[in-house]
Structures are given as C-alpha cells and as structure tokens.
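K.L.:
The residues making up each chain are set out below.
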Amino acid sequence: SQQGEEDPQALSIQEGENATMNCSYKTSINNLQWYRQNSGRGLVHLILIRSNEREKHSGRLRVTLDTSKKSSSLLITASRAADTASYFCASPSRSEKLVFGKGTKLTVNP
Amino acid sequence: DVKVTQSSRYLVKRTGEKVFLECVQDMDHENMFWYRQDPGLGLRLIYFSYDVKMKEKGDIPEGYSVSREKKERFSLILESASTNQTSMYLCASSFPPYRAQGAPRTDTQYFGPGTRLTVL
Numbered sequence: 001s002q003q004g005e006e007d008p009q010a011l012s013i014q015e016g017e018n019a020t021m022n023c024s025y026k027t028s029i030n031n032l033q034w035y036r037q038n039s040g041r042g043l044v045h046l047i048l049i050r051s052n053e054r055e056k057h058s059g060r061l062r063v064t065l066d067t068s069k070k071s072s073s074l075l076i077t078a079s080r081a082a083d084t085a086s087y088f089c090a091s092p093s094r095s096e097k098l099v100f101g102k103g104t105k106l107t108v109n110p
Numbered sequence: 001d002v003k004v005t006q007s008s009r010y011l012v013k014r015t016g017e018k019v020f021l022e023c024v025q026d027m028d029h030e031n032m033f034w035y036r037q038d039p040g041l042g043l044r045l046i047y048f049s050y051d052v053k054m055k056e057k058g059d060i061p062e063g064y065s066v067s068r069e070k071k072e073r074f075s076l077i078l079e080s081a082s083t084n085q086t087s088m089y090l091c092a093s094s095f096p097p098y099r100a101q102g103a104p105r106t107d108t109q110y111f112g113p114g115t116r117l118t119v120l
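So the sequence lines, in the order shown, correspond to chains A and B. Under my numbering, the residues of the first sequence are numbered 1 to 110, in order. Under my numbering, the residues of the second sequence are numbered 1 to 120, in order.
The following block holds chain A by itself, in its conformation from the complex (with noise of 0.2 Å):
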C-alpha cells in the first residue's frame, strides 16, 4: 500500500539553484523520514521529523511538515551536481515497516 507520494516525479535544475519536492501520505503519522539514493545503490537516510515538529534543517537540507495537510516537503540549496539522485519519503506503517513513495528523481545539470 502506497503511503507516501512524491511530488514532482522528476526535478531537473541548474546547479545552484534550490531543489524543492514534496511528499503526500495518507494516514496519521508519528515520524516521516526522507532518503536518498544514487543510481544503482541503496538508499540512504537523510533526516527524520517527527509529528510534533513543524520544520528542521540539516546542512543545505531544510524538511516541513503540515499534519494539517499530511504532506512534508524537502528543501535543498544551493544544489550541486553530486545531489544528483533519487529521493524518497518514507513514514512508519502500523508495524514496525516503513512505507515508502515511488521517489523524485532529481537531476542537477553542471
């Protein structure tokens, strides 16, 4: 079952520029987490908030959440092209399994 959608499905941007892409999950949540992924390799975890916080920041990341609005988006300046890559959101299902969205692909030109 499908509970987080990433929004767009594809991003490409100059390097420099912000990249911003959100995420829309359907049931009530205590955490959403967002990951990365190169072409070819595993995910990566990048940051995680919680149900009670509004906004955090981690280097050029910067991570919202409206439960309000279930939605959370990812914010990254100043992008280069090593970001490059996939990028997913991912909240805990009722078990202990993570649900995750089909990602954005992100393409950050030189």
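Take these hints with a grain of salt, some might be off.
[Stated by the list, open to error] PhoX-like mimics (lysine-lysine), calculated; alpha carbons at most 25 Å apart, straight line: (1) B:18 / B:71; (2) B:70 / B:55; (3) B:57 / A:26; (4) B:18 / B:70; (5) A:102 / B:70; (6) A:102 / A:56.
[Stated by the list, open to error] Computed beta-carbon distance windows for the label pairs: (7) B:44 / A:56: 24 to 30 Å; (8) A:40 / B:13: 14 to 20 Å; (9) A:53 / B:17: 44 to 50 Å; (10) A:56 / B:116: 30 to 36 Å; (11) B:67 / A:40: 34 to 40 Å.
[As the list claims (entries may be wrong)] Incomplete in silico selection of chain B near chain A, CB under 10 Å: (12) 33; (13) 35; (14) 64; (15) 94; (16) 112.
Hints in this document: simulated from the structure, not taken from any laboratory. Even for Gly, the Cβ is constructed at its ideal location relative to N, Cα and C.
Use these hints to put chain B onto chain A, whose structure you have.
P.N.:
Just chain B now, with coordinates in the frame of chain A:
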C-alpha cells in the same frame, strides 16, 4: 557507522534455478527487511524479520522465502527463479521503534548497496 552488506552486486541466473541472496548487518539490529525495486513501482516489501527465526510476509511474498538463523544475517531465497523476478533487491535493517522505554520512536532503516538480479 552501520554497515549492511549484500553478497553480490550483480547476479545472473537461469529460469528455474534456486537463488540465495544474503544480507549481513553489523549493528545488532533486531529488524531486517527485503525489498525489491522496479521502475515505476518504487520499493515493495517482500519479507521482514523482527527477531531470529521470526519472519513476516510483506506486500509481495509470492515466489520468495526467507531465513534468519542468526541475528546479523537475513537471507532471501527464490525457490525457482522466474524472469519476472528480474529486479534490484535491497536489504535493510533497523532497531525496533521503541528501543528503550520512553524513547522516541525511530524507524530509520539502513540499506545495503543492492543486488541487481537478472533471470534469463
């Protein structure tokens, strides 16, 4: 740092073969997961295990089985490989959400590098 390793990065097998994919984690995590990832379908959970010898079906268990004889190792088995099992297979591990009483829930999963399996 957490390390999750998978036995092969690339694997080519023939239809009908029995295939073993191995995953090992070094962080004493209770939970381990097997996913497959296909274009346009995202990550889909095949099986997960929350303790040694314990397993639960995920969303797409058909055609797969798993084994967890030791805490650090979780194996995915394709009993009779078929071409529709050609995919990227990802293993992950995590602590249980409530590691200690009163501790905030974290479900962060740590992934291996993936195995690209091709079944001919």
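K.L.:
Now tell me if each hint is right for this structure.
P.N.:
So, going through the hints one by one against the coordinates:
| no. | hint | verdict |
| --- | --- | --- |
| 1 | B:18 / B:71 | holds (23 Å) |
| 2 | B:70 / B:55 | holds (13 Å) |
| 3 | B:57 / A:26 | holds (22 Å) |
| 4 | B:18 / B:70 | holds (21 Å) |
| 5 | A:102 / B:70 | violated (32 Å) |
| 6 | A:102 / A:56 | holds (23 Å) |
| 7 | B:44 / A:56: 24 to 30 Å | holds (28 Å) |
| 8 | A:40 / B:13: 14 to 20 Å | holds (19 Å) |
| 9 | A:53 / B:17: 44 to 50 Å | holds (48 Å) |
| 10 | A:56 / B:116: 30 to 36 Å | holds (33 Å) |
| 11 | B:67 / A:40: 34 to 40 Å | violated (26 Å) |
| 12 | 33 | holds (7 Å) |
| 13 | 35 | holds (8 Å) |
| 14 | 64 | violated (16 Å) |
| 15 | 94 | holds (8 Å) |
| 16 | 112 | holds (5 Å) |
Violated hints, listed in ascending order, are 5, 11, 14; each of the other numbered hints is respected by the structure.
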